[in-house]
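Asks: The lines below spell out each chain.
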Amino acid sequence: MSKGKSNEPLIVVKGLQKAYRTPAGDFYALKGIDLEIWPGEFVALLGRSGAGKSTLINMLTGIDRPTAGEIWIGGQAIHRMSEGKLTRWRGREVGVVFQSFQLMPMLTCAQNVMLPMDFANRYGTPRRQYARARELLAAVDIAMHADKLPAAVSGGQRQRVAIARALANDPTFLAADEPTGNLDSRTAEAVFSVFQQLVAAGKTIFMATHDRDLAARVSRVLHIEDGLIVEDTRPASPAEGYELVAQMEA
Amino acid sequence: MWRKWRHNGAHRGVGVNGAAPLGLTSRAIIDLRDVVKVYATPAGPFTALKGINLTVDRGEFLAVVGKSGSGKSTLINMFTGIDHPTAGEVIVADTPIRHLDEGKMAEWRGRTMGIVFQFFQLLPTLTVVENVMIPMDLAGMYGLSERHDRAMYLLEQMGMADDANKFPAVLSTGQAQRAAIARALANDPPILVADEPTGNLDTRNAEIVFELFASLAAAGKTIVMVTHDDELAQRVPRTVTIADGLIVDEVRR
Ligand SMILES: Nc1ncnc2c1ncn2[C@@H]1O[C@H](COP(=O)(O)OP(=O)(O)OP(=O)(O)O)[C@@H](O)[C@H]1O
Ligand SMILES: Nc1ncnc2c1ncn2[C@@H]1O[C@H](COP(=O)(O)OP(=O)(O)OP(=O)(O)O)[C@@H](O)[C@H]1O
Ligand SMILES: [Mg+2]
Ligand SMILES: [Mg+2]
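Protein sequence lines correspond, in order, to chains Z and B.
The numbering of the first sequence is the working numbering, which starts it at -9 and goes up by one.
The numbering of the second sequence is the working numbering, which starts it at 160 and goes up by one.
Think of the hints as simulated: they come from the structure by calculation, not from any bench.
Even glycine gets a Cβ: it sits at the ideal position worked out from N, Cα and C.
One should not assume that every hint holds.
Stretch by stretch, here's where chain Z covers chain B in the computed footprint (C-beta under 8 angstroms, at least three residues) [stated by the list, open to error]:
id, segment
1, 198 to 210
2, 288 to 294
Restraint-style ranges between C-beta atoms, simulated for each label pair [as the list claims (entries may be wrong)]:
id, chain 1, residue 1, chain 2, residue 2, range
3, Z, 141, B, 195, 35 to 43 angstroms
4, Z, 221, B, 260, 54 to 62 angstroms
5, B, 202, Z, 30, 37 to 45 angstroms
6, B, 305, Z, 189, 49 to 57 angstroms
Given the sequences, and given the hints that come with them, work out the whole structure.
Replies: If you want it as structure tokens, here you go:
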């Protein structure tokens, strides 16, 4: 991914389809997605419940495999990568915030954030990793809960641990699935400004959200419906963004 | 397990031992007096609720708001009987909650209130429609043949009829949230408690849920809804704001 130049898209998706096997037959959650995402873009993905947002994020992060089509990220064919290679690639280059957090219940919040550093052999000794974990937790205002287990913190606090963990290895590409779904507006704003700083530092963010206020303020808005991208716009201003988002959801 | 529930449910009596009949004695259906909750943590005790006094009248629609970590879910756990206060008194539907043992609690709760948890808690081994039927089976509410129809009716209201026979693992998050709401309504409970019921829903589905809550409140149900959606909170007749374990503001509209 480090090879990607900014005159080339970071992510290229071609004819992407995803069918889930169900007793009633194959269910196509993605029906043919074509998409290019450029380095430094902050993309919001909007769409109704069940439209295919999480499925698309799972494809872009190699969490799940496409049924058909291609996904290229930083010149690498994600759709063809072996599991082992995918895991290493994701660990180094990608941060993922899952909609349901997926924290390890037996590890403390800080240890959950240290885990990706450990896997990728980054940030030195456990002491330094712990210090970095605390910094990331502080950025989302939960350093004081660093040594608690996930079960002993609130829903929004868990969500923020998941965000800190996604940032553990300073990823080039951050995929976040409803990262503010459990947050009050002020806390959501704090998370959003962390994301803005990452984008300012050249990172690329792909965020599924149903928060119109946030979606209106990113550089590009995609609208997914029934497994197809039906709109793709780059609002010139938050005001225009708000208009577009309101229309999309109408 | 499923079979066992079904069996028990069918033979369970209607009376709830130890609990006064609903809806008779006082106006307040939920009454919290000087409620304190202290969690034990490795770093020492952590006081999540610092003395809460709150009464909710029958038929009220109350929104609870406040920053992440302020104590909203902890507060709800106190009057749903999911957890116990460290100090103070909680009376719900004329029953002091501390007088109920765990066994009676489940049965009492099943009949008295529907709960939408912040993290849904659908049983993974049961289909969506079976999940919605659980509370009816547990409390022995509705005839055996009625239960499935009622579950389907509730799922339909949530736009979830097509997903009725799926397992929770294959649902999108918003679909799981809507299934959990249908389940909370299963026994047509006098009290509905919902922790961020629209947190994972798009605007349109959030609106459907809200309108349903509003119509239930209009029909006399008591509803307590935790939400971080300011727009929704402003449309609820009464809002309390929690900060650091205390009620710091209250608005009636
Ligand atoms: N089991 C527990 N042990 C220790 N501390 C806890 C426990 N559960 C919650 N807490 C702490 O108590 C405080 C209140 O938590 P609570 O879950 O009630 O917050 P909340 O208002 O529901 O937040 P959110 O909006 O993020 O869901 C938080 O600081 C949390 O870390
Ligand atoms: N493992 C699976 N097996 C079968 N169907 C699935 C599976 N996972 C998802 N689906 C279905 O695919 C569709 C898209 O799901 P997805 O989770 O991508 O939606 P979403 O846009 O993220 O929705 P939400 O906003 O509710 O999270 C839904 O109809 C869902 O029921
Ligand atoms: Mg989703
Ligand atoms: Mg909570």
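Asks: So, for every hint listed, does it hold in this structure?
Replies: Results of checking the hints against the structure:
1. 198 to 210: holds (count 4)
2. 288 to 294: violated (count 0)
3. Z:141 / B:195: 35 to 43 angstroms: violated (21 angstroms)
4. Z:221 / B:260: 54 to 62 angstroms: Between residue 221 of chain Z and residue 260 of chain B, where Cβ atoms are some 56 angstroms apart, the hint holds.
5. B:202 / Z:30: 37 to 45 angstroms: holds (40 angstroms)
6. B:305 / Z:189: 49 to 57 angstroms: Given range 49 to 57 angstroms: holds, Cβ gap about 54 angstroms.
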